[in-house]
Amino acid sequence: MAALELLSAEGFRPDGRRPAELRKLRARMGVFAQPDGSAYIEQGNTKALAVVYGPHEMRGPRSKALPDRALVNCQYSMATFSTGERKRRPHGDRKSSEMSLHLKQTFEAAILTELFPRSQIDIYVQILQADGGNYCACVNAATLAVIDAGIPLRDYVCASSAGLVEDAALADLSYLEEAAGGPQAALALLPTSGQMALLQLDSRLHEDRLGAVLEAAGGACRAVHAVLDRVVREHVRELTALLGD
Amino acid sequence: MAAVAMRLPVARKAVAPSGSRGDEKHLVAPGDTITTDTGYMRGHGTYVDEEKLIASVAGAVERVNKLVCVKALKTRYNGEVGDIVVGRITEVQQKRWKVETNSRLDSVLLLSSMNLPGGELRRRSAEDELAMRDYLQEGDLISAEVQSVFSDGAVSLHTRSLKYGKLGQGVLVQVSPSLVKRQKTHFHDLPCGASVILGNNGFIWIYPTTEQKDEEAGGFTTNLEPVPLSDREVISRLRNCIVALATQKLMLFDTSILYCYEASLSHQIKDILKPEVMEEIVLETRQRLLDLEG
Amino acid sequence: MAAVCLSEAEKLYIVHGVQEDLRVDGRGCEDYRCAEVETDVVSNTSGSARVKLGHTDILVGVKAEMGTPKLEKPDEGYLEFFVDCSANATPEFEGRGGEELGTEIANTLYRVFSSEGSVDLKSLCINPREHCWVLYVDVLLLECGGNLFDAISIAVKAALFNTRIPKVRVLEDEEGSKEIELSDDPYDCIRLNVDDVPCIVTLSKIGYRHVVDATLQEEACSLASLLIAVTSKGALTCMKKIGKGSLDPESIFEMMETGKRVGKALHIALQKILDEEESLGTTRQKVGFLG
Chain A
1 MAALELLSAE GFRPDGRRPA ELRKLRARMG VFAQPDGSAY IEQGNTKALA
51 VVYGPHEMRG PRSKALPDRA LVNCQYSMAT FSTGERKRRP HGDRKSSEMS
101 LHLKQTFEAA ILTELFPRSQ IDIYVQILQA DGGNYCACVN AATLAVIDAG
151 IPLRDYVCAS SAGLVEDAAL ADLSYLEEAA GGPQAALALL PTSGQMALLQ
201 LDSRLHEDRL GAVLEAAGGA CRAVHAVLDR VVREHVRELT ALLGD
Chain B
1001 MAAVAMRLPV ARKAVAPSGS RGDEKHLVAP GDTITTDTGY MRGHGTYVDE
1051 EKLIASVAGA VERVNKLVCV KALKTRYNGE VGDIVVGRIT EVQQKRWKVE
1101 TNSRLDSVLL LSSMNLPGGE LRRRSAEDEL AMRDYLQEGD LISAEVQSVF
1151 SDGAVSLHTR SLKYGKLGQG VLVQVSPSLV KRQKTHFHDL PCGASVILGN
1201 NGFIWIYPTT EQKDEEAGGF TTNLEPVPLS DREVISRLRN CIVALATQKL
1251 MLFDTSILYC YEASLSHQIK DILKPEVMEE IVLETRQRLL DLEG
Chain C
2001 MAAVCLSEAE KLYIVHGVQE DLRVDGRGCE DYRCAEVETD VVSNTSGSAR
2051 VKLGHTDILV GVKAEMGTPK LEKPDEGYLE FFVDCSANAT PEFEGRGGEE
2101 LGTEIANTLY RVFSSEGSVD LKSLCINPRE HCWVLYVDVL LLECGGNLFD
2151 AISIAVKAAL FNTRIPKVRV LEDEEGSKEI ELSDDPYDCI RLNVDDVPCI
2201 VTLSKIGYRH VVDATLQEEA CSLASLLIAV TSKGALTCMK KIGKGSLDPE
2251 SIFEMMETGK RVGKALHIAL QKILDEEESL GTTRQKVGFL G
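Residue numbers (the numbering used here), protein chains in the order written: chain A, 1 to 245; chain B, 1001 to 1294; chain C, 2001 to 2291.
Bound-form chain A, shown alone:
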């Protein structure tokens, strides 16, 4: 079998996108009634749900409470039917534990936790359908859910992946492109300040190329930010109009 061509001579990717183009991104805030905040996001065929509970009193041992800020607790899980081949367990494996930790670090950097001493904020994300960029979709969904819950954030957290194929940097990789095994990076950005909340580079990449990959990822993050911002503003405008007063 011939190796799949990830970038055609005309500069198109297997799904017809340009190198810097994102997949179609759709999102909604306030999906569920019971949690404090919730959101759903679709990035191409990757679909993720996020819910936020809190800030609330510590669950379990009170000794875990932090005297000066809120504890951020995250769980990343994947529906057993989300992947091409059925997953045995939704969470608890090494990969999801790592993802949970990443999420926690990302949101500790973004949430103004010092406003809520001794309390706890739970962020639970769930991949319903996996088609590449799972972590990034989760971060984006979780950002919307945190905003929906009215928890103060320094800024949005927007995430996107990027990879390198024959000198060209590709943004927002699909599963097909991820599976090809080229160098790839995941980046979570606070877009206004340009601060990076998470940066992860898998596999070897020449130092000279890093700039191009990061630039592609950063550009994609800003594009994601534009979409998320539109979703949030629409949501806020709609609700304020309804509430009137």
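Sample of chain C residues at the chain A side, in silico, Cβ under 10 angstroms:
(1) ASN2088
(2) GLU2092
(3) GLY2095
(4) LEU2142
(5) GLY2145
What the hints contain is simulated information worked out from the structure, not anything from laboratory work. Every residue gets a Cβ at the ideal spot worked out from N, C-alpha and C, and that includes glycine.
Position chains B and C relative to chain A; hints supplied.
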């Protein structure tokens, strides 16, 4: 008669920009710079970075003199002194109860901030401490007033008035605290035949109106007689109306609830929660409220 | 389970209401809450469905995978159930918190749906003793608002109705080695007959009466419930008592009668909605979670 209704989900209709007052408001999202003017004071929902005042939540900007706040559309309950709340006892501790009020931290009700049965005024004795679970136990609902707010945001309650205390038979509805309109009184005996307590924390208690207020009991004996069917019908209808108003995001106060109740009268109680009926009656309520304002 | 705590007076109010056939939300004892059903919501499964019943929100995905038949039933395929009580529903389910409930529900589903005559398991066999289809039915609990079992069974039935399994052919060469060939046409697939697939009706005993489709608050007032599986023809295929209380034989028979009656109505409503959705064709606008 078994009734099973199933339907396909319908796509949400986008609310068209109505040119209403919502558009005049200054709406912001996290990370937006509100002002670079250093003369302003930082309020809730904002933070200062490099001398810029930046929003940290999504919502409308509110300015009171020099103070700038952003009010989020939906949050947990932020206690303020004097608020009326409805809460549920979660734990009985030494000399105090822990109360769930949908705040960030559990609220407390001290034994000393409570009227003793019969409204008696005296020092709390060791016997009172032992009998705490007889007054209020886990799961019990109370109405109370916010006495003070601690530095970490936790709320301390008191029930030192005969109108507060343990709640008897009735129905609780939980909505977002931002949907409860602040008013002079949050206790309403509605003309339709039932009473509501609109807790500032979004807990709404609907209960049968009592003929004569039993002052002597001091709110610790609960009436365990069955509530008559006619009262139940009113309470169930009110409950569904409040759920409908909250789902359609209309502010809750006595007039809006009453209007919605009247709009719902042409429907059966259980039909009120059907999406199209909810939409219809809330729209009618909204229109009547606008007419009222003139 | 996500339990709610109620005061004694609130419980009393609910119990008296059930007695008078007027529940807190205005329903009678045999009324269901308004349910929303949508199929084909996850595109990388063989079949999927989402059901919302009040605040209970269930997503079911069915994946067909090739496997070997079980030794005792060499000419049948089989169903595997897994229930994920995700932390989405309540923080109590975080980590391993939802496992116990998940296993309990999965075991019930095995009993209800793998029984004789529910799904034609023989049609899942490709060649006896060697290959068969295994249907992995994965239930994801997204929000928990009472009456989980009924909602899950509705979602499972809808997802099975939606399931499409690719057609395969078994090719045998001279030496007797077999090869399986998948049909090239993605639309060439078999569908399951779900006419005899049962639905669960849970009857919660509250006071002296019983109700269907109990909310979380009503579940808190009920000491014991009877869970019965009913087919569209009103046949009872499985029964189980749940909850910590006990039931007397007389009320069990009463509950069975109600269950059969309500179950039939449930099947009619579900089939109607599934047919209605199917008649909209492939151009149907999907709502999913964006709705």
